[in-house]
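Asker: Read off the chains here:
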Amino acid sequence: MSTHVVGQNLRKVDGVKLVTGGAAFTDDIHLPGLLYGKILPSPHAHARIVRIDASRARALAGVHAVLTYKDVPRVPHTTAGQAWPEPSPYDTYLLDSKVRFVGDRVAAVAAETRAIAEKALGLIEVEYDVLPAVLDMEQAMAAGAPVIHDEPDSTGIHDRQRNIAGYILREIGNVEEGFRACDLVIEREFRTGRQQHCPLEPHISIAWLDADARLAIRTSTQVPYHARRQCAMILQIPVSRIHVVKPRIGGGFGGKQEMLLEDIAGALALATGRPVKIEYTREEEFYMARTRHPQILRMKMGAKRDGTIVASQLTVLATTGAYGSHSTTVQGNTGSKVLPMYRAGHMRFECHVVYTNTPVAGAFRGYGCPQGFFAQESVVDELAHELKMDPLEFRRRNAIRLGDIDRLSAQLGEGREGLPRVIRSCGLYQCLDRGAAAIGWAGKRQARPRRGRLKRGVGVACTMQGSGIAGIDWASAFLKMNEDGSFYLQAGASDVGGGADTVLAQIAAETLGVTLDKIVITSGDTDITPFDVGAYASSTTIISGGAVRKAAEKVRAQVLEVAARMLDAAPESLTGCANAVSAPGGKSVTMTDIAMQAMYKDKLQIMDGASHYNTDSPPPFSVTFAEVEVDTETGQVRVVHLVSAVDPGTAINPMQAEGQVEGAVAQGLGYALTEELLLDELGRPRNASFLDYKMFTAKDMPKVTTILAETDEPLGPYGAKSISEVPINGPAPAIANAIYHAVGIRIRKLPIRPEDVLRALRGAGC
Amino acid sequence: MFDQVDAYHRPRSIREAVRLLHAGGSRARIVAGGTDVIVQSDPSVRSLVDITQLGLSYIRKAGSTWAIGATTTMAELEDSAPIRGLAGGILARGAAACGSVQLRNMATLGGNLVNASPAADTAVPLLALDASVVLEGATGRRTLPLAEFFSAPGRTVLGKELLVEILVPAPPRGGRWGWSFLKLGRTRSDISLVSVAAGLQLDARGTCKRARIALGAVAPVPLRAAGAEAILAGQKPALARIAQACERVARDAVPISDVRAPAEYRREMARVLAARALRECAQQAGVRL
Amino acid sequence: MKKLTIRLTVNAESKEWSIAPGDLLLDVLRREGYFGVKRGCEKGECGACTVLVDGKPIDSCLMFAAQADGREVLTIEGLAHGGALDPLQEAFLDHGAVQCGYCTPGMILNAKALLEKNPNPSEREVRETLTGNFCRCTGYVKPVEAVLAAAKAYRRAR
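Protein chains in written order, with numbering that gives the first Met the number 0: chain A, 0 to 765; chain B, 0 to 288; chain C, 0 to 157.
These are calculated hints, taken from the structure and not from any lab test. It is possible that part of the hints are untrue.
From the derived model, a few chain C residues whose C-beta atoms are all more than 12 angstroms from chain A [claimed, not checked]:
| # | residue |
| --- | --- |
| 1 | T8 |
| 2 | K14 |
| 3 | E41 |
| 4 | E44 |
| 5 | A47 |
| 6 | K55 |
| 7 | D68 |
| 8 | H94 |
| 9 | C99 |
| 10 | N117 |
In silico BS3-like links for lysine-lysine, alpha-carbon gap of 27 angstroms or less [what the hints assert, rightly or not]:
| # | chain 1 | residue 1 | chain 2 | residue 2 |
| --- | --- | --- | --- | --- |
| 11 | B | K159 | C | K151 |
| 12 | A | K16 | C | K55 |
| 13 | A | K387 | A | K479 |
| 14 | A | K553 | A | K702 |
| 15 | C | K1 | A | K698 |
| 16 | A | K702 | A | K600 |
| 17 | A | K698 | C | K116 |
| 18 | A | K299 | A | K387 |
| 19 | C | K14 | A | K16 |
| 20 | C | K116 | C | K1 |
| 21 | A | K553 | A | K600 |
| 22 | C | K14 | A | K698 |
| 23 | A | K454 | A | K698 |
| 24 | A | K443 | A | K702 |
| 25 | A | K702 | A | K299 |
| 26 | A | K748 | A | K387 |
| 27 | C | K42 | A | K698 |
| 28 | A | K702 | C | K116 |
| 29 | C | K1 | C | K42 |
| 30 | C | K14 | C | K55 |
| 31 | C | K151 | A | K16 |
| 32 | A | K549 | A | K479 |
| 33 | A | K702 | C | K151 |
Cβ-to-Cβ under 7 angstroms is the rule here; a few derived chain A residues that face chain B [claimed, not checked]:
| # | residue |
| --- | --- |
| 34 | A556 |
| 35 | T631 |
| 36 | E632 |
| 37 | D691 |
| 38 | T696 |
Beta carbons are placed, not taken as given, at the ideal position from N, Cα and C, and that holds for glycine.
Pulled out of the complex, with its shape left as it was, chain A reads as follows (with noise of 0.2 angstroms):
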């Protein structure tokens, strides 16, 4: 189908707004009256609150309240931004009387000024009893460890005495059969780090009681209708008394899929009267905000010699830091997205997620996906070597097709039965191929080592992600037309900046046969906009897209029953686009003209809205070629080249969705290489800041290449699936898989650092 707004490379609708500076972020307004919140950290890992004497902080001039556990509501729950009913384990508690990571919440504080605010919290007296705490993921499930959970009001957990916060066991067919069946078995154990989001916004909530007394939040946050439902239960007043806002936000990636601050805001500003801001420093978001989940990963793989997978395994040991917020639902992806990548008939996964007393792990940018697939397709590698067959020919041969089900899925959906999955659009082999090209695949794997210090190789991980969660991710969208052609387009969903307000309005206006500038969208804000999910599970574009068109569709309808009376035709002979509409002879009435006629002779406002969902979540294929040149004598890996072919069903914006593929590139080549979140023996965080913790800056980016192999996808508005997590899934093994090829070793845990590098070439004996 040709389209006229979908598929065009449109100027970001808030561009403008952001190039200038205007006044678009949280904390980009002046509150009269506005009071600045702190929370005051545990230093202790493991710790229960003797004594807490806030009487000293509150004399404190400025200050305007100090919040202790014995001044808020116990109200167990989860901060995870989760469809209701949430699958993680509700174990989290505004202000508690014991302590579980450094850097937990112990009070908060509301005084006049931040000065003010970082003085009150060194005067609150806190006597801890320091428990010992447990740091290490495999000690935390021993018998004598610490018990992290053993207060009696949570739920959700799986076995409090052990510190498993949950475990998933999933079974397709009958492994132990299966690997008898093979000629050739590899098992390998894989370490993956805690990679830190590091949005350039830190997290950061506004709260204050608007005129109706009404608990107004305004928020960075991926998920405002979450925010609200949990703020209530929290706060315990009625969600119609909360109003959450969501403007501008510097960046997510999964940190905010999450409700971080907002209680605590809210707190605080019922507590005083009035607004209350409190955003995090760049330290305290290090390591009081959320990371990914750290795991140690057991995979595998079992093939005949003629290249045959005939069964995988994944065993998975992941701690979830001391508060269960998403900890199924991530490692339940290291399965369910991992495993069916390729058509092994039995297929196992396994998987413990523990407790430690560490700093929180939540969602992140792939979402599970990144740990399974390092373990995978360098296990996958491994085996294609010893087969001594090609690693492309060996992935083509096996790789999950059009037309397949996806049975493993159905095992697994968001923490409870999923639905089976049908690959109803399928870009991976156009992937493989354009990307091999890209990359000069043949030619490379070829080639002859270099005599000298730097080896070169390439390596390749195929990978793919889903397109919102079946059955529970679900959107809204409502639309209006005005007197000059032009819709309100409104909207649930939240652009937390990878331009979702520009791709729905291009679906809008698409649909509706007007130009992109005759859509003005507003969204996430839970007065005006109708229900959303929210910005995750890379469901943005298929699912508040797919409502978006279906709320389009209906007042299209209503355009041309209006347009039909006008030009004296049938509604279904009528065309148009680009804000006119057109009968068979030549006739033509303008948008504007419409929307007169209907607003003061028909006296009806055009309008309509609709809800959408889909029962299945149709994986975008990525396909990561990385060329990489490792200097021998100093373990140095310096990335050469990336390419980067992904397969999003139709690109909506290609020039946002390629923008996608190149900052989950980015984060993808940290994770890989150079980001960790370090802590000390006793739990406290060594590298909170920009200086100690290394992300890819501008001038260590390789030369990346982007591809889009697009295809249709039938769930998805106009043929869209999704983007914007997909490509992070592939740097880390393509570059440990290039690291093999430029130089025999086989690095298997995250990030690989040059040291790492340079022992296992001394060992290997280079």
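Based on the hints, put chains B and C in the right spot on chain A.
Answerer: Frame of chain A, contents of chains B and C only:
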């Protein structure tokens, strides 16, 4: 952050600056670029003494010595034609390695030296160039070799004094000099986990007259590798001899393990980088190895 | 608390502000309504707070407001010329170099200073400059393209 600061002074003379330093005691801080003072965020600071109006931003030649004013910025050093031409540009490269464009527009050479990081990218080339620092206090001026200026990580011998000038003698004449400055970081704009500045002066017969090897981030202070230098002096810089000198570099290094790198990796990289730097020096000085 | 008065030019307008001696330029600018100057790390690492002072890009989180006395400051709000966007702003929009937009003001200003000094930078020089502006959204691919495109546009206009 600095809400307790009650005075921001802009003295017009060095004497006045020193007086303010005395008056403020341990709660006074010198501000040139301000970059380190602000990052340190010390809540005990009560007075700030801005020294950018003292005429200490200059790069000039006095005889065969370059005199650099203490408030000269990294950007000014990086862009200065004479500094780029001096000793293969190792000081310019050291300055260029500091942080970002934005940081280099503010950070000063004096500030970088007073901050006394063992990894300071200007200190290492300056040490290799036998630089000195000029300090001024209430009792007058004193000059001391940069090698005597650093006492511990983050500490110098500065009393209630101002670092006012850095003196960089032109390398001794004769033969050909080759210079190199190399650093390793986790990313391309990281604080060095190891850095080396080296210079080799070769006579007409290709024998090494002088060797200068300075290292960063492998000891409590930036270091001259005198032992390694002695191995090279008077010898032809053959690969085996260079390797021997670098073994000595590795032995004399006393690195620590931190978030950037483990100690053993640093020690090994000191050896590797020093070898690369010396080979580059030899090549620049016209020797084929 | 003893206040200080600073007199400076911001976006070609004369300003006279009363500040505390320890105030940082970032905080003062935002207090005075220049919301385009962003707070990202407060340690001079991320560059989100970049402004031009006497034409040079600096991290405003690392400058005392008192140091801006007598200087000319340019924030992103001052870049567009009477309603017309600067070629850099146009290029960023046309090339998809803006995603969340949080790093954008600082990045554009830093690039502006680069192009004033070096109208024909190489890609390597652009990357070196942009190293001082962290972006977690774009991977720097399109921002680098946009700066090179803007450089061409400036050269054509001359």
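Asker: The structure should be examined with respect to each hint, and the outcome stated for every one.
Answerer: To see whether the hints hold, each was checked on the structure:
T8 of chain C, annotated as away from the interface, keeps every beta carbon of chain A farther than 12 angstroms; the closest lies near 17 angstroms. The claim that K14 of chain C lies off the interface holds: its Cβ sits roughly 17 angstroms from the closest Cβ of chain A, which is beyond the 12 angstroms cut-off. For E41 of chain C, the requirement that its beta carbon stay farther than 12 angstroms from each beta carbon of chain A is not met, with the minimum near 6 angstroms. In this structure E44 of chain C is not separated from chain A by more than 12 angstroms, as the shortest Cβ-Cβ distance comes to only about 4 angstroms.
Interface exclusion of A47 of chain C from chain A breaks down, the closest Cβ pair being 6 angstroms apart, not more than 12 angstroms. Distance check for K55 of chain C against chain A: the nearest CB is about 19 angstroms away, which clears 12 angstroms, and the non-interface claim stands. For D68 of chain C, the shortest C-beta to C-beta distance to chain A comes to about 23 angstroms, beyond the 12 angstroms cut-off, and the non-interface label holds. Against the 12 angstroms criterion, H94 of chain C falls within the reach of chain A, whose nearest CB is about 7 angstroms from its own CB.
Residue-level check failed: C99 of chain C sits 3 angstroms from the nearest beta carbon of chain A, not beyond 12 angstroms. Listed as outside the interface, N117 of chain C is consistent with that label: its C-beta sits roughly 16 angstroms from the nearest C-beta of chain A, beyond the 12 angstroms cut-off. Annotation: proposed proximity of K159 of chain B to K151 of chain C is violated, straight-line Cα distance about 52 angstroms (limit 27 angstroms). Taking the CA atoms of K16 of chain A and K55 of chain C, the gap is about 24 angstroms. The hint holds against a cut of 27 angstroms.
Distance restraint check for K387 of chain A and K479 of chain A: the Cα-Cα separation of roughly 62 angstroms exceeds the 27 angstroms cut-off, and the hinted pair is therefore not satisfied. Among the hinted pairs, K553 of chain A with K702 of chain A is inconsistent with the structure: their alpha-carbon atoms are about 45 angstroms apart, more than 27 angstroms. Between K1 of chain C and K698 of chain A the CA atoms are separated by roughly 44 angstroms; this puts the pair beyond 27 angstroms, and the hint is violated. Annotation: proposed proximity of K702 of chain A to K600 of chain A is violated, straight-line Cα distance about 59 angstroms (limit 27 angstroms).
With a C-alpha separation of about 20 angstroms, the suggested pair K698 of chain A and K116 of chain C falls inside the 27 angstroms cut-off, and the hint holds. Restraint check for K299 of chain A and K387 of chain A: satisfied, since their Cα atoms lie roughly 19 angstroms apart, inside the 27 angstroms limit. Restraint check for K14 of chain C and K16 of chain A: satisfied, since their Cα atoms lie roughly 24 angstroms apart, inside the 27 angstroms limit. This hinted pair does not check out: K116 of chain C and K1 of chain C have alpha carbons roughly 39 angstroms apart, beyond 27 angstroms.
Under the criterion of a C-alpha separation no larger than 27 angstroms, the hint pairing K553 of chain A with K600 of chain A is consistent with the structure, at around 21 angstroms. Annotation: proposed proximity of K14 of chain C to K698 of chain A is violated, straight-line Cα distance about 37 angstroms (limit 27 angstroms). With a CA separation close to 21 angstroms, the supplied pair K454 of chain A and K698 of chain A stays within the 27 angstroms bound. Annotation: proposed proximity of K443 of chain A to K702 of chain A holds, straight-line Cα distance about 16 angstroms (limit 27 angstroms).
At most 27 angstroms may separate the alpha-carbon atoms for a hinted pair to count; K702 of chain A and K299 of chain A exceed this at roughly 34 angstroms. Of the supplied pair hints, the one linking K748 of chain A and K387 of chain A holds, its CA atoms being roughly 25 angstroms apart against a limit of 27 angstroms. Taken as a hint, the K42 of chain C and K698 of chain A pair is honoured in the structure, with Cα atoms around 20 angstroms apart against an allowance of 27 angstroms. A hinted pair counts as satisfied when its Cα atoms are at most 27 angstroms apart, and K702 of chain A with K116 of chain C qualifies at roughly 26 angstroms.
Distance hint between K1 of chain C and K42 of chain C is fulfilled; the C-alpha atoms sit about 26 angstroms from each other, no more than 27 angstroms. As the CA atoms of K14 of chain C and K55 of chain C are separated by approximately 19 angstroms, the hinted pair is consistent with the 27 angstroms bound. Proposed proximity of K151 of chain C and K16 of chain A is supported: the alpha carbons are some 24 angstroms apart, at most 27 angstroms. A threshold of 27 angstroms between alpha carbons decides the hint, and for K549 of chain A with K479 of chain A the separation of about 14 angstroms falls inside it, so the pair holds.
With a C-alpha separation of about 21 angstroms, the suggested pairing of K702 of chain A with K151 of chain C holds against the 27 angstroms cut-off. For A556 of chain A, the shortest C-beta to C-beta distance to chain B is roughly 55 angstroms, which exceeds 7 angstroms, and the interface hint is violated. With a least beta-carbon distance of about 10 angstroms to chain B, the hint placing T631 of chain A at the interface is violated under the 7 angstroms criterion. A cut of 7 angstroms between beta carbons decides the hint on E632 of chain A: the least distance to chain B is about 5 angstroms, and the hint holds.
Residue-level restraint check for D691 of chain A holds (minimum Cβ-Cβ distance to chain B is 5 angstroms; threshold 7 angstroms). At about 6 angstroms, the closest approach between the beta carbon of T696 of chain A and any beta carbon in chain B falls short of 7 angstroms, and the interface hint on this residue holds.
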